[in-house]
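The lines below spell out each chain.
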Amino acid sequence: MTDSPVTVRHVTVDYEWALEGKPPGSYNDYEVLGHSDGLSLGIFDEIRSRYATGATGDQPQVTIAFAGTRQQDEGISYYVVLALQNEWSGHRDGTNRKIYRTRWYYIPYDQLAGQRVSYEALYDAFKDLADTRPPTIAVRALSRLPEDDELYGDAASAAALLMTGKHVCVLGADGVSMIERLRFVDEVASLLPYGMRTRMTAATWVSATAGHKIRLSFAKHAAEGTHVVTWRQGAPMPVAEPLAREYAALLSSGRRVPPRELVERLAEKTSPISFDETGCLKARILLEECALPAAEQVSRVPETPRRPDLPDLSGPTVPHDRPPIVRLVGLLKMAGQDSEVSARLQDLLDAVETDEDRLELQKAMRQHHCFEAPFGAYKNPEVRYARVARAAFTADTCRTEIADVLLDRSSTPKQVTNVIKAMRGHRPWLQRVLPGRAAKYVFSGSALVIGLVLFFFATLGIFTGPGEKTAAPVDTTTAVVPEVRQSINVHADQRDRFLADIYAQMLRNQGYSSEVREFTTLNADRPHIVITGSAASYPGYHALLNPPPIRNGLIFNPERIKEDQLAEALASKETVIAVRADFLDAETLKARHPNPELSIMPDGDIVEAVERGDVTMAILPDGLALTFERSGLLDEVLPTRTIHVLGQRLPNGVEATLDGVSAQLIEAWRAGPGQGDPEKSARESANVLVKPVVRPAATKAPVETPPAAAAGVSVDFGSVGLLLGALLLMIAGMVVLFRSASYAPTDGPVSRR
Amino acid sequence: MQPESPRHHIAMWGAPGSGKTTLLAALSIALNRRDDDWKIIGQNPESTAYLTEMTSALTSGKEFPEASTALETYQWALIGPAQRSLFRRSSRRASTTIGLTMVDAPGGHFAPGKRTGRTGGAEERQEELMANLTQSRGIVFLFDPIREFEVGDAYDHLHGPLNRLAEKMLESNEFDGGKLPHHIAVCITKFDDPRVLQTAEKRGLIELDDKHRFPVVGSDEARDLFGQLSRVSATGTADMVINSLDKFFHKSHIKFYVTSSIGFYVNPHTETFDWHDYLNLIPDESDHAALRIRGPVYPINVVEPMLWLGERLARTGRPR
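The listed protein sequences correspond, in order, to chains A and B.
Using the numbering used here, you'd call the opening residue of the first sequence number 153 and step up by one each time.
Using the numbering used here, you'd call the opening residue of the second sequence number 689 and step up by one each time.
Honestly, the hints are just simulated from the structure, not real lab data.
Certain hints may be false.
For lysine-lysine, the following PhoX-like pairs were computed, each having C-alpha atoms within a straight-line distance of at most 25 angstroms [claimed, not checked]:
#1 A:K372 x B:K750
#2 A:K372 x B:K943
#3 B:K867 x B:K856
#4 B:K867 x B:K750
#5 B:K867 x B:K899
#6 A:K318 x A:K372
Keep in mind the model is a prediction, meaning the values are calculated, not measured.
For reference, chain A alone in the conformation it holds in the complex:
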């Protein structure tokens, strides 16, 4: 790369190209007509079809996309992809339609990173190339910086909304020129760390009815589920999107440096960052860092004890000379015997050395419900819960958001919550009030005294019999009683837990009591919902939802392993296959291919592991947007799974409501719980689909007076109960008084590995 001699600074970059169009008179669809030799036809074809915008017509448009390829021993090479669309070729196809061309240019990201090259500069450099294709091209660097104090207004809204991971669509810009829309894309991109350009997709126009994959777009109408930004008016930040709100706040009030300085600093953040949950969190941290004055940046210390859940990925990477935590977690999840669980748990705990490892382990605990499977399947799971919790939560790592989630989650084993609380220094309220052993003496003394008093009154009651004034007059009493809500349970296997949780929450939102249960407790006479793979087993049930079938496919990184080597790899013990936690066909796969090792990981980790070569291949559901190749080698082994949601005896209103949201529900289900807490994610999805109804907390209902005691029998059960309670209280007081403490949480530092 060299600077050009002109006053405006330029960088010279290499590029790959492809020309999309049709031969004149063709009856076929658009295709790649020609391309450079640096990348394969398959890549060009995949990218052009994946990022199709559906925008037709003769108005020139620009689409921004990305591509990644793995170079031998050099990691992933990213390309920023620029598509110049809608250039009429002068020819028509076999059905008399004009043939338009799209010129695709792939510019190596590492030649742009650090140069502050804008998308507009790329457009200017390539727009007039046509069929003359010099080997390199000069691109204007150091894009313009904001001048006044207004930091791009609506672009800031769009940048913040991109942190939600959902698509953002700009409306009301129909009359604005394409180049102005492209500049807007640049404004938005300049408010993100530059590294996000390795995953950024944007288009100056898309078809509102097209199922496109463009993150930031302009259209006449926005598709459902898309965040809308109104041209030059911005957009409100959704309450349910805390990260977007934080990002927007940091761009406006939270910023303590001039706009141009902020944009300049963000442009220096060139490590590749994705738009998934992890990437967006990382972006927010970087923005926070860039928004501080330089002096504070140097000496900056965390303002709160809370740490980000994920390590800073921009720093130098540590060479992996030990198995990565995610892989060991995957192995633990796959353990099929008690002894295997013990051994693999030990391996995992031995591998936890740094705080980053602990945070990784915390992520896994959140993801896998503190390893309920496999721990719960064997004796004494409590010990294992406590061991894994002590490894994950130290005094330094116990104040994470994941720890908060686990504390909030009712299903978290108490051994885990106890460890977190202990590390945080939580004590029972009495211990906080009274120092040392004083609490113990106060508690035991009080228990003995209260027990004695109660004992006295209870004895008195037994000998005097029931008092006449205790019964209320018949038919005059009303009392406030809790409303009895009808119960509609959702029966599902653990593997369908996420969908079941959504249904349960939607039912609760409609005022019903609902829990997710296994099939063993199915009561055909009561209203309920089942989630099953076999609709035929439930005759007479109403279908509430028939989601599309799920099919798993074998994914591999062609830069790491060739397709014709896959069969050999499947026979090797060295092979590691990454699978998701919801992969159900492990046994089937093992029966056919016993040698490869299966490792359970979250989606995001699988992608990274395949990219890095930590695993040989992966099995993932079809339909995910991945840059890897898919092989049909396991198609026969991995069956397609279809589930049905069926309702029985549901009240009319419930069935209609659930039926009405089925389309959106399928989307939420396919999107899955993401990286976060699945239960929480399910609740949030359900709350969007069916708004919770507000009901009075209690209703008035007549209370039946108890029947008069049978003649001749005058046992006062209240007094007997009181007597027993008093005795128990006194015993408790004695035990506390004379027992020595076996475990006392401390405030002091906890030993670290």
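Since chain A is already given, all that's left is putting chain B on it; use the hints.
Chain B alone, transformed into the frame defined by chain A:
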């Protein structure tokens, strides 16, 4: 408005250039040409905008819509005549409403190009398409006899996806008596092309409609015409199309239509069809390489497949 349930999804199926998008574009015009109360309304702003723009392009711009480059989804409702109420007190009469979710995919999605092969992108597109087909219960299959004569790949575009669809429906236990549960309207397109019209005429399959004396081919005769047109397939595989349809769909679920999205030219003075001057697609004087739509558009059998599918799907969905 709530989105329609999957039983109202109708997918368009056909090779590139077979006229899927044009048929959708002509739908609104076709409804406006009818003397009954049927009309089409978008169920969301983007679907309404498409209807408006396409109608305008065909009537004012005299141009065919551009080919789809991405999978497009339109949510419309066909609103029909009001039903008479049995109860006199009822002041409002309920109209017939058929919700339609139309899915228009680029034709290449049905059969990936031989040059690029089955790349990850092609797989992804096919999966997307299959997800839509399994969701739908109505299919509009377009058979373009001109393309079949020139290229002869209708069978390629039907056979592969049909097998995959069958596989998926079988897996989900949705086979019905050994056949797919879908209804399929087979549309033989480009009836306005002289080669198609003359074939129908030679076989004596033509009737004339009452209003403009347009030639039309009835549904029973349409199947016969399909057979005739299959004989001139460039690859000789078109006859397998009809066999495939019979194997995979119930006979009562298949209906043939001979369609034209732009229809025939009508003499403005006599307002009737003229056997000596009926071409509605003629060379453009300003651009001799191009063709333009000559006169008003009179779609033939464009609404009928939709109404048939809509009514059948509404009927099969009613027991719930």
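Let me make sure I understand: some of the numbered hints might not hold for this structure. Which ones are they, in numerical order? 2, 4 and 5
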